[in-house]
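These protein sequence lines map, in sequence, to chains G and P.
No gaps in the numbering here: position 436 of the first sequence is 436 in the working numbering, and each next residue is one more.
Quick note, the working numbering runs 1000 ahead of the 1-based positions in the second sequence.
Hints in this document: simulated from the structure, not taken from any laboratory.
Ideal placement from N, C-alpha and C gives every residue a C-beta, glycine not left out.
Just so you know, not all the hints are guaranteed correct.
Once the Cα atoms are required to be at most 30 Å apart in a straight line, the calculated BS3-like pairs of lysine-lysine come out as [said to hold, decoys possible]:
(1) Lys1473(P) to Lys54(G)
(2) Lys1473(P) to Lys1254(P)
(3) Lys16(G) to Lys114(G)
(4) Lys79(G) to Lys1473(P)
(5) Lys1085(P) to Lys129(G)
(6) Lys79(G) to Lys16(G)
(7) Lys447(G) to Lys463(G)
(8) Lys79(G) to Lys1355(P)
(9) Lys18(G) to Lys1109(P)
Calculated from the model, a selection of chain P residues having no Cβ within reach of chain G, i.e. all distances over 12 Å [as the list claims (entries may be wrong)]:
(10) Arg1200
(11) Asn1257
(12) Val1272
(13) Arg1323
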Amino acid sequence: MVFQPVIGLEVHAELKTKSKVFCPCPVVWKAPPNTVTCPICMGFPGVLPVLNRKALELTLRTAIALNCHIHHQTIFERKNYYYPDLPKGYQISQKRIPIGFQGWLEIATASGRKKIRIHDVHLEEDTGKSVHGEEAGDPSASFIDYNRSGVPLCEIISEPDIHSVEELEQFMIKLRQLLLFLDVSECRMERGHLRFEASVSVRPQGTNTLGTRVEIKNLNSFRAVSGAVQAEIERQIALLKEGRSVQQQTMLWNEASKRTEPMRTKETAHDYRYFPEPDLVPVLISDEWLAQIRQTLPETADEKTLRFVRVYGLSEKEAELLTATPAVAHFFESAVRHFHDPKGIGNWMLGDLQGLLNESQKDWETCPVSPESLAQLVQLIDDQTISVRMAKEVLREMFATGRAPKTIVSEKGLVQIADQDYVRKVVIQVINNHPHAVADYLSGKDKLIGFFVGQVMKATGGKANPQLANRLVREALESRRTSS
Amino acid sequence: MKLWQLTVQEAHRLLLKRDISSRELTESVLDRIAQVEDRVKAFITVTESVARQMAEEADRRLRQGEHVTPLTGIPIAIKDVLCTKGIRTTCGSRILENFVPPYDATCVKRLKEWGAVFVGKTNMDEFAMGSSTEFSAFFPTANPWDLKRVPGGSSGGSAAAVAAGECCAALGTDTGGSVRQPASFCGIVGLKPTYGRVSRFGLIAFASSLDQVGPMTRTVADCAVLLQAIAGHDPWDSTSIPEPVPDYLQELNKEVNGLTIGLPKEYFGEGVDQRIAQMIYGVAKKLETLGVRIEEVSLPTTEYALSAYYIIAPAEASSNLARYDGVQYGYRVPADDIVEMYCKTRKEGFGREVKHRIMLGTYTLSSGYYEAYYLRAAKVRSLIRRDFEKAFQTCQLLMSPTSPILPFPMGERTTDPLLMKMCDICTIPANMAGLPAISLPCGFIDGLPVGLQLTGPPLSEPLLLRGANWIEKQVGLFNCLAPLSVP
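Next up, chain P with everything else stripped away, as it sits in the complex:
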């Protein structure tokens, strides 16, 4: 076994025993990147020298037994939407192509404190707007399981990097499924925590009331480790939750006796690839034989979730992206007067999809339309939340496909916005309700990974991880690395 193939926990054990050094592990991962990156294209920036420096420092800490954590010396990739002090952070956009943040996002800072090693910044749909990473301003990322297909998005770079062994784990962000859907497409584990569980400070905002940072890993246990590092109250984020953070690893192996899992029927119906639906039903049957109660539930507002999401997210985005005006930082097209400068800068700096959403959001917030669109969408949102509350009265977790479709060929959906947006119908409701949800691989169809999604009530991450960990064992898919041939 090559070092880059190790899970976070395996690598941690070997590092602790001093069987390997972080330097060796990091070099192995950097070699892997050198071998496969020209085909996968998961990274916007590979930070070799930063990684080597951080590995040296981690090795020093490991040698001296100084503040050693389960992430000390572990190579990690970070989605290019999270600010990294001194490291270019582009958000997948031309407009921030040369932006170097003067500060670290809180989750990045926590990973640093834990001694993690940063190998690079991963590709993404521009400003996290997309479901295939094809809307990156720079290049599309390939799905490591089939290079002609998309890795999902918007955290496609992170998902592909984890699946291709270009890092041991990664951070993604999830506004409407951007962690879970690419995790599903790439056969890895991806968690969107409860809204507010992880600080958003330093996460370049797409839709503030929906955005959440989440771990992307090859095992559920690794996911728990990464969440442990980044979760917790942050005084710099007013929307962060003050509740103390439980010990997720300890919770992981507790019994799952008496668990009731609900299958929301709306997530298995029209628009969902029935082969995927059947696979999830199959897992449910298996769990039932192991003593889990399976129950069909209904979330009747699901059909409105997508529409409401496409009001709220663009509205917030239209305001969040107003700061990219060429005045202080980022791309600027010089012009004779200020209005012309704004127009040209934003016209050239933003891609088509981003401009599409800015226009949509500007329209729905306009005077005379606000009540009809934004306010109604906000009401739908509380109805969605109520639906979930009701469902959680009878079951502890909900199980569904993560994505209604298999990873699709590149270019198939880029010209059909509606088709592209349908990718997120199973993931968007959790964002609208602020709930935690996890995707883990549960099988393959035509050689392509299929993701299973578990959704829980607010702050139920311990149960969510425990359930996912148990299903991972039953399904037997652990540390799935894409079989990329190395010449």
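Chain G extracted, bound-state conformation:
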């Protein structure tokens, strides 16, 4: 029997706001424990939440971009449960009337494009962080850092429309790209900006009933999600093939053993006792505000790709690569603004510069070469000041030192020689010095042209314009043929 996996994903994206969602504490990465807190995000007796408008706006932006319907009056609710890093004993979240609902995200699959439905998009607060034992210098105790408590999270919940790990990966890539282009989240995985929970079941291919669902929590990277879901699918199929049944439970991913394992705590049958948060009033979202957000919605990656093909004459593949992240797209467009050779700039970015970035584990945001410098480099090639070979060397230097290509070229005397008279003199010299080779050439060994050009380049210290050298060598040799 062939089984079909049924996968749903819950994604928590940390929103890019200056302050927390219900108090004025700043959102800071890696501050010393409990230094960016106040009585409000610590849940002290008597405190009240006040909603951060920016967090609401970023969630709205996300919901709109995910093609959701918007509740014009949305409410917050309390999700009640006990956990040490949850200071109030409840999390302010949304359940019954989320900001956005019934949307979709389109992904590319092997069999064409496919819409993954989005159940809802809502706003909630993050919890604190438990630090156990030795990590904090005391193996017998646990500590809590509330710096993260109250940081705004946008939760995106998909319908169980994903039927393979490949689709799952596409969905995550596409979603991350969307969040990046919307400028709503930094999406830095290593900082936990994106966290996932997957629900997995399997069913005989061709049937429509849903199998028993297993939830996998605390997945913090694409790799963990793929690995865990793959392992879980295999585990469930193996069980069913043995004639056993899948139990509904919550699992964790064990990276080392590559297995999903049941959560140890007794938190299976949670009743969160949601009810409307009485400390916040219903939020009214006006048509005017929605219209304004729609109008100012940044271009999506797909829109950008199409535009790059249309406006810059790039191939679809090039355009896709150059719009993979907002940073690479921004780099490209800035460079093109400085010197209009989209094709040339694109090639250099996707070729040598990408290679240098990979080597040094940098990305387009931390690239030591500015778009302006790269544009300058391409211009130097185009106006034949330097050769492509020289340019490669110059780029390496630019990458290492951050200096402008013109400075490097003039300091190293790399300016290529395009003076016809001078190069012709060198060519004549080379031909005169190699009479045997000339004879061989004239007797039909056309390939020797490369040897002569090489000799010319060697004699000029590599500075002769290669195209020019090539033309002059051919002319000089051919003239021997006619005169002999």
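Since chain G is already given, all that's left is putting chain P on it; use the hints.
Using the frame of chain G, we list chain P on its own:
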């Protein structure tokens, strides 16, 4: 006359004239506390040194004429449910016995800005859950008019302190009548403002959608002064009302011509001590002879208000009190694992009544019960609101008893939860509808004070105070101090 006997306004006049100093007034009040507190037991914490410091500062301001307000130098007591920076705030609970807040509640901050002098934090039913102050985790407070009887609750400490002259005025909080009922029991004035008129920031929540801070004083004018200080929009409270605050004192003495007062018949019927009902009717008759139109009205959903209240308030409380888990602050029973720590901490830290309500609220919010209980109670709530709206189409204010019963002997009702909860049948509807309501003394039965309640539409505090001020004059009960003998 002793200084501690002065009303807020009288003391203010003398302070302004420099006939007395805040230091003298404060010492007089502290002396009074020393004399009667062992019998009244109104305070969980008496803050003598804080009071003396604040009095010094007030005297400096008065001398230099710097930002002098009607409360500058006036000794005030604060219910122990309101956070006071650096001063222990227990909420009447073992679980917060040693909790010292790192911040001031907004209303506390405003009193500080006005230059008031804090004499102490008053006793209360644990987490404001109760109607007699007997459910304080520490000790019960006595009614200064009869020390064997309860002062009402949950703001019983504040009411008793005001009635006993242990402060000139106090702040209480009112979730289902916790300001008005003890005011009634202790023969003083107590106001629950419109929901949102006074910031709840720093008020340790019992039931967030019902809680409101209110003044407790010995005269209606004093009540207006205190409300003036604490009312107003607060950006730290999303439920606070942005409307500007009127000048309540100026509104106080305006004419009450053409007033129509409604008597909701449900507040005079079964379960109400008929001697109290007759006393309110008597006041109504007197007002009628003075030109007030008296009309009988009906609020048919009144009978469901108590039930709906006992769904909504415990539901919110069960969530509001979840933070007391022994992790960050307050009482903690160490244990081997976290769940055991939670259980032991909450078992020992909370009293019986609080646990009772947490269980009730947890149950009604549980999956499968939410729709049947919480959601239906919320619907009843809008019906109650509609009842009032309808009544206010024909009259401006409603008049009723504040409490259906007289102050009862200590211990009489502690074992009968239903009987205890019946104390609040006249006060709960105003909380459910978010309306302002005031209680003022209107007479005595068997030597025990009787309170009269006026209820008005949202933000009608000016009219409410004006009406109460006028009735106060007609009834002739002003600055009633309990006749506590001093040995």
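Verification of the hints:
| no. | hint | result |
| --- | --- | --- |
| 1 | Lys1473(P) to Lys54(G) | 53 Å, violated |
| 2 | Lys1473(P) to Lys1254(P) | 14 Å, holds |
| 3 | Lys16(G) to Lys114(G) | 29 Å, holds |
| 4 | Lys79(G) to Lys1473(P) | 51 Å, violated |
| 5 | Lys1085(P) to Lys129(G) | 27 Å, holds |
| 6 | Lys79(G) to Lys16(G) | 23 Å, holds |
| 7 | Lys447(G) to Lys463(G) | 22 Å, holds |
| 8 | Lys79(G) to Lys1355(P) | 20 Å, holds |
| 9 | Lys18(G) to Lys1109(P) | 28 Å, holds |
| 10 | Arg1200 | 6 Å, violated |
| 11 | Asn1257 | 37 Å, holds |
| 12 | Val1272 | 31 Å, holds |
| 13 | Arg1323 | 5 Å, violated |
Checked against the numbered hints above, the structure breaks hints 1, 4, 10 and 13 and satisfies the rest.
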